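Undergrad: Listed in order, the protein sequences are those of chains A and B. Counting in the numbering used here, the first sequence tops out at residue 341, every number present. Counting in the numbering used here, the second sequence tops out at residue 341, every number present.
I should point out that these hints are in silico values taken from the structure, not numbers from a laboratory. Treat the numbers as computed from the prediction; the structure is a model and nothing was measured. Heads up, the beta-carbon is just placed ideally off N, CA and C, and yes, glycines get one too. Heads up, a few of these hints could be off.
Claimed, not checked - Here are the in silico distance ranges between beta carbons for each label pair:
#1 A/Pro69 <-> B/Pro208: 53 to 63 Å
#2 B/Pro69 <-> A/Ser215: 46 to 56 Å
#3 A/Asn139 <-> B/Asp190: 19 to 29 Å
Protein chains: 2
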Amino acid sequence: MRIGIEHGSGGIETWNLLEKLVLSKLPPHLRKVLDGFGTDVLDDGAYLGSSTKIVLTMDSYTVNPLRFPGGSLGTLAACGTINDLVVMGARPLAAMDSIVVAEGMEIDEVDTIVKDMIDVFARYGIALIGGDLKVMPRNSLDSMIITVAGIGVAKHVVRDSVREGDKIIVTGPIAEHGAVILAAQLGMLDQVKDLRSDVKPLIDTLLPVIEEYGSYVHAARDPTRGGLAVTLNEWVRGTDLTIVIDRSAIPIREEVKNFLDALGIDPLTVACEGVAVLAVDPRVAEEIVEELRKRGERMATIVGEVKKFSNPVAHGKVVAITEVGGRTIVEPRALNLPRIC
Amino acid sequence: MRIGIEHGSGGIETWNLLEKLVLSKLPPHLRKVLDGFGTDVLDDGAYLGSSTKIVLTMDSYTVNPLRFPGGSLGTLAACGTINDLVVMGARPLAAMDSIVVAEGMEIDEVDTIVKDMIDVFARYGIALIGGDLKVMPRNSLDSMIITVAGIGVAKHVVRDSVREGDKIIVTGPIAEHGAVILAAQLGMLDQVKDLRSDVKPLIDTLLPVIEEYGSYVHAARDPTRGGLAVTLNEWVRGTDLTIVIDRSAIPIREEVKNFLDALGIDPLTVACEGVAVLAVDPRVAEEIVEELRKRGERMATIVGEVKKFSNPVAHGKVVAITEVGGRTIVEPRALNLPRIC
Numbered sequence: 001m002r003i004g005i006e007h008g009s010g011g012i013e014t015w016n017l018l019e020k021l022v023l024s025k026l027p028p029h030l031r032k033v034l035d036g037f038g039t040d041v042l043d044d045g046a047y048l049g050s051s052t053k054i055v056l057t058m059d060s061y062t063v064n065p066l067r068f069p070g071g072s073l074g075t076l077a078a079c080g081t082i083n084d085l086v087v088m089g090a091r092p093l094a095a096m097d098s099i100v101v102a103e104g105m106e107i108d109e110v111d112t113i114v115k116d117m118i119d120v121f122a123r124y125g126i127a128l129i130g131g132d133l134k135v136m137p138r139n140s141l142d143s144m145i146i147t148v149a150g151i152g153v154a155k156h157v158v159r160d161s162v163r164e165g166d167k168i169i170v171t172g173p174i175a176e177h178g179a180v181i182l183a184a185q186l187g188m189l190d191q192v193k194d195l196r197s198d199v200k201p202l203i204d205t206l207l208p209v210i211e212e213y214g215s216y217v218h219a220a221r222d223p224t225r226g227g228l229a230v231t232l233n234e235w236v237r238g239t240d241l242t243i244v245i246d247r248s249a250i251p252i253r254e255e256v257k258n259f260l261d262a263l264g265i266d267p268l269t270v271a272c273e274g275v276a277v278l279a280v281d282p283r284v285a286e287e288i289v290e291e292l293r294k295r296g297e298r299m300a301t302i303v304g305e306v307k308k309f310s311n312p313v314a315h316g317k318v319v320a321i322t323e324v325g326g327r328t329i330v331e332p333r334a335l336n337l338p339r340i341c
Numbered sequence: 001m002r003i004g005i006e007h008g009s010g011g012i013e014t015w016n017l018l019e020k021l022v023l024s025k026l027p028p029h030l031r032k033v034l035d036g037f038g039t040d041v042l043d044d045g046a047y048l049g050s051s052t053k054i055v056l057t058m059d060s061y062t063v064n065p066l067r068f069p070g071g072s073l074g075t076l077a078a079c080g081t082i083n084d085l086v087v088m089g090a091r092p093l094a095a096m097d098s099i100v101v102a103e104g105m106e107i108d109e110v111d112t113i114v115k116d117m118i119d120v121f122a123r124y125g126i127a128l129i130g131g132d133l134k135v136m137p138r139n140s141l142d143s144m145i146i147t148v149a150g151i152g153v154a155k156h157v158v159r160d161s162v163r164e165g166d167k168i169i170v171t172g173p174i175a176e177h178g179a180v181i182l183a184a185q186l187g188m189l190d191q192v193k194d195l196r197s198d199v200k201p202l203i204d205t206l207l208p209v210i211e212e213y214g215s216y217v218h219a220a221r222d223p224t225r226g227g228l229a230v231t232l233n234e235w236v237r238g239t240d241l242t243i244v245i246d247r248s249a250i251p252i253r254e255e256v257k258n259f260l261d262a263l264g265i266d267p268l269t270v271a272c273e274g275v276a277v278l279a280v281d282p283r284v285a286e287e288i289v290e291e292l293r294k295r296g297e298r299m300a301t302i303v304g305e306v307k308k309f310s311n312p313v314a315h316g317k318v319v320a321i322t323e324v325g326g327r328t329i330v331e332p333r334a335l336n337l338p339r340i341c
């Protein structure tokens, strides 16, 4: 069955499609949170009930192709939302989704993607408390966009604010997601069978560490679009600080490195979807790495630190120490991959 | 200047574009709410600070054409978000937006649309605390989609739950927005110059009334996509109740009625963007109409009521009394207009 314009009418066809795509997959206890209400009432909003230290996040997801080794647009939307909350120190509680689909798409295809998303949310007990479905004509949109707002509750909210002396920690091997999407778009998946997206939620591994170390974690981010290059630059731009990273310390799988090297692409600019980067108080940096490893992030490691140089040329910049000991500026420019995350 | 794929990179071009499109328009006090933080920190989430009875809403907006008599996609996104909160009884506090634009769009065009949105939010002191910008290739998307999550705080949350005896109130003349979009899509704007979208926020007129009458308001909704037909059906479907409305009582401007009549379209199925429909306790219905009129909704009026019939054929249905006294079922099927709201 294909998506028709009538599925976007807001009326009975929309309800039926929402029932099939979303509600039929949601156990009743995941339709609301606390004492509020959500998708158990079919209206345009959700009521959270009373709570404190609420953290919100929002992102639109679109990817070409919609399915890729390791996941799909649905996995990406769920994990991306979860990780955006986790890096702020928040335990994901609920989400709202807005799905925009092209007229003519196979409903089965949309269905499996929505299933991927809800499966991830359900595995972690995250409620889906509201949402929307819109259909656009085929000449206006060719596939599917999922926008998700995530709601979480935090003990300690991480406000990205790095300080001199902070150690930079990367939780796992970088550039995996971007590399596989790039390979798919170039029609090279057959040649590079060992590439696979790292898309995964960081609830079990990273969140307990942030909760435990609280204010010792000065910044945390999932370096998706734009990779490490963009995230690290965001942390220092406009300040008199410099982040110095050691390229040889950054974890990256050999297959990923070789694939990107062959194309002349810097892995620092390539998206991760299951990795976080942290700036932490140097007194607890080693401990945090140990904790992350114990919880399953076995390649977590310190890759650099935050410095204050007297030369203003370095202020607000990210500097990489190359494999041969040279220093280069890492620009906040990403691999311009269409629709990577 | 046109949107380029590099504007979607997440790096410096994206920051510059966000600065131009969004941040430059936002006064500092509208970048966060309460004691939390929002767009004053450039990350992927927002922290609300502590608060109670928080109401959330989310919707994707797309319309063809992007500008129309009475407003634009930006006006629509802001007013739609505000009204979704207001009909739940919530005072809008903050919003997060996710903008997806097609590569090649004029940045000036995107800019004026974002300005329309932020102008509405700013007029009511609503903060924009987070968001996202994505660019899709031209062959995948032809214009622009804005998804907005709205956050509000409510004294009394309206949970749509109609009861036997409730009076149905419409706050203003219906079908104005849908009619003008239809005219635009049919290339008829020159012929029907008196059509104009009713898009507007209901904060000053409806919200104080809901706040004042609290639990006497059993349901409230802005009948956008799908019009009154879909909203009223949503309220009774699956129950043993029937909503009976009097067609001759429903406010509609002569020009709108004539235009839709000529096309054979039922105004009940056509979108409004500045009108709400309420189901209220009959003991306060007249009072509420008076309050609404005093606050500027001068055409607010009672158009029907909720009944319980013994004949199960009528259960869960909306019945209209026609101008000649007959009875017809109003189906929850909307005018299938592409991208109306």
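Undergrad: State for each hint whether it applies.
TA: Now for the hints, and whether the structure bears them out:
Checked against the hint of 53 to 63 Å, the C-beta distance between A/Pro69 and B/Pro208 comes to roughly 55 Å, which is consistent with it. For the pair B/Pro69 and A/Ser215, the supplied restraint of 46 to 56 Å holds, since their beta-carbon distance comes to about 54 Å. Restraint check, A/Asn139 to B/Asp190: a C-beta distance of roughly 24 Å satisfies the suggested window 19 to 29 Å.
Against the hints set out earlier in the document, no violation occurs for any number.
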